[in-house]
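Assemble the whole structure, with the sequences as input and the hints as a guide.
Each chain, written out:
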Amino acid sequence: MKILFEFLNTTGFAMMTWGNAIMIVVGIFFVCLAIIKDYEPLLLLPIGFGAVVGNIPSIQGMALSVYDEGSVLSYLYFGVSKGIFPPLIFLGIGAMTDFSTMLSNPKLVLLGAAAQVGIFITFVGALFLGFNPADAASIGIIGGADGPTAIFLSSKLAPHLLGAIAIAAYSYMALVPVIQPPIMKLLTSKKERLIRMKAPRHVTQREKIIFPVVAFLVAAMIAPGAIVLIGMLFLGNLLKESCVTERLANTARNSMIDIVTILLGFSVGASTQAKAFLTNQSLLIFGLGALSFCIATAGGVIFAKVMNLFLREKINPLIGAAGVSAVPDSARVVQMVGQKEDPHNFLLMHAMAPNVAGVIGSAICSGILWSVLVK
Amino acid sequence: MIEINLSIQNILDGHGIEIALVGMLVVFTALALISAFIYLLPSVLRVVNLAYPLKDLCSLPDCSDTPNDEVLVAISSVLHAVEIGK
Chain A
941 MKILFEFLNT TGFAMMTWGN AIMIVVGIFF VCLAIIKDYE PLLLLPIGFG
991 AVVGNIPSIQ GMALSVYDEG SVLSYLYFGV SKGIFPPLIF LGIGAMTDFS
1041 TMLSNPKLVL LGAAAQVGIF ITFVGALFLG FNPADAASIG IIGGADGPTA
1091 IFLSSKLAPH LLGAIAIAAY SYMALVPVIQ PPIMKLLTSK KERLIRMKAP
1141 RHVTQREKII FPVVAFLVAA MIAPGAIVLI GMLFLGNLLK ESCVTERLAN
1191 TARNSMIDIV TILLGFSVGA STQAKAFLTN QSLLIFGLGA LSFCIATAGG
1241 VIFAKVMNLF LREKINPLIG AAGVSAVPDS ARVVQMVGQK EDPHNFLLMH
1291 AMAPNVAGVI GSAICSGILW SVLVK
Chain B
5 MIEINLSIQN ILDGHGIEIA LVGMLVVFTA LALISAFIYL LPSVLRVVNL
55 AYPLKDLCSL PDCSDTPNDE VLVAISSVLH AVEIGK
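Sequences listed follow chains A and B, in order.
Numbers 941 to 1315, taken from our numbering, label the letters of the first sequence in order.
Numbers 5 to 90, taken from our numbering, label the letters of the second sequence in order.
Derived by calculation from the structure, the hints in this document are not laboratory data.
Given the structure is predicted, the values throughout are model-derived calculations rather than measurements.
C-beta atoms are modelled at their ideal positions from N, C-alpha and C, and glycine is treated no differently.
There's no promise every hint is true.
Stated by the list, open to error - Covered stretches of chain B, as calculated for chain A (at least 3 residues, CB under 8 Å):
1. 26-40
2. 44-52
3. 76-82
And the structure:
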């Protein structure tokens, strides 16, 4: 009988705290969002289930959670905490990205730079709220709307905030169709939303092959801190465009990215233990992350309007919102908002240019912040 | 209860404004250089094509023209059907 009572005291029911219960509900909510609403299911489902797993109270003396040395989950989390998974995800993204629209309209690359304003304004805002510079930079990078980049930078600068930052980054990426349209409509007139853009020119295979090599050299020379992310992104793209490594490109963009996404999502979710996650700081991070995302969207749209002051062939300012690098969701949102005004206006292709430029831009930002703030 | 310590001094101590301005400048510079390179690339390639004509590269299979497995299966099944029809 004594053994039975001792066993009952080690069950999850006996050791459950309110915090764990709340986080389990949050995890189930993420799973529901993924399944019912189809919001970023590839990410939210593993993250949500990971949150459920990570919040089952563990028995003292048993290495179970991601924070227990030697536990299986801690080995899975190693790829997150040491920043290994994000570059592998970038390799896959590179292998599935077609830079043709960007190559056919190079001025749109600048929109990808403008949208990074959210990162730096939020960085200043987080400093104002009392965070130290390394923490503030990791929070600001949420505005890049790029989960792997946010995880990479916070694993280097603020590992103690990694769980909250990863969840905030992926949540806002999932909420792109909810957050961006009101800002886009607020900052543009109906006339601007109706602007049609010229069809992109044909891009030769030779251009596609040369681009990743030279773009890597330019970005890496300017921001060496970004070589891992940018290097893997352009390696993946070169595998795709060279046409001689089709097998490798296929593996990178299918099997490998899927495996890494499962491991990353699950272990990030499992790291959201209530005692580490339910803190005042996490709430501030969520607030600042939302602000960062909104400023980034507004920055892209406003910069597109400024560019129109100097351009003969106007660009539709809606595509500026795609400068945040949530690929391809923000480009899809641009298409959706544009088609509400004019069902025959197809902005998706044009929006992909600032969208992929935003991926490069946010990786460069992480490199800059890392190199400036590394101790 | 969230404790917030609002502090302009923290921004100054953390060189917040300088980092933000330099950061934006560097991102714009990097992407502007990439943009300029993309803009110039077709002109450069026109010169390169004189030295290394495009036909040299044509030995590379063009991804878009390479039939995938499904297409090959469809073609072979049609050929097979034609063969049986004979």
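Coverage of the stretch 26-40 of chain B by chain A, judged on three or more residues with CB within 8 Å: Since three or more residues must qualify, the claim that chain A covers the stretch 26-40 of chain B holds, with 14 doing so at under 8 Å.
Given coverage of the stretch 76-82 of chain B by chain A, checked by CB-CB distance under 8 Å (3 or more): Answer violated; 0 residues pass the 8 Å Cβ test.
Given coverage of the stretch 44-52 of chain B by chain A, checked by CB-CB distance under 8 Å (3 or more): holds (count 4)
Consistency note: the structure conflicts with earlier hint 3 alone.
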